[in-house]
Amino acid sequence: MKISKLALREARQLFRSCQVDDLLDENRVRQAVKLLLEKKPRGYVEILARLHRLVKLDLEQHAARVESATPLTPDLQNEVTGEIKKKYGNGVNISFSQNPALIGGLRIQVGSDLYDGSVKMRLQKLEESF
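Sequential numbering of the sequence shown, starting at 1, is according to this note's numbering.
It should be emphasised that the hints constitute simulated quantities derived from the structure, not laboratory data. Note that CB positions come from ideal geometry on N, CA and C, so glycine has one too. Misleading hints may appear alongside valid ones.
[Claimed, not checked] Listed next, the in silico DSS-like pairs over lysine-lysine satisfying Cα-Cα at most 27 Å (straight line):
1. LYS40 / LYS87
2. LYS87 / LYS39
3. LYS5 / LYS56
4. LYS85 / LYS56
5. LYS56 / LYS87
6. LYS85 / LYS120
7. LYS39 / LYS5
8. LYS39 / LYS56
[Stated by the list, open to error] DEER-style ranges, computed between Cβ atoms:
9. GLN61 / SER17: 14 to 22 Å
10. GLN61 / GLN13: 13 to 21 Å
11. GLN98 / GLN61: 42 to 50 Å
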């Protein structure tokens, strides 16, 4: 078996062992990396690289960014947070930011999913239809 396949399999096993209730536990990741660096098995550098990639992808999947043209009221922020957590679970980290270029509406990105209800996008779609 090639070292890259073995490294991928080992990294996946480490990644699964670092999850608690389908959420990544930061302390377990640290412990796994520490043990891997202490034992230094064959191909450990590639295992670390692949584990890093898996952790990075997981963090991106559990990050949500909400953009609006104007600051959202706390009530609206709570409502949006509730809807995102209802759809994606409690492990989502949500950040709110302002983007005046949107003109109005919201743009929500969770991992690779994008929900764009902004005026800017609607104007672009209208322009493309002509």
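Hints not upheld, ascending by number: 1, 2, 11
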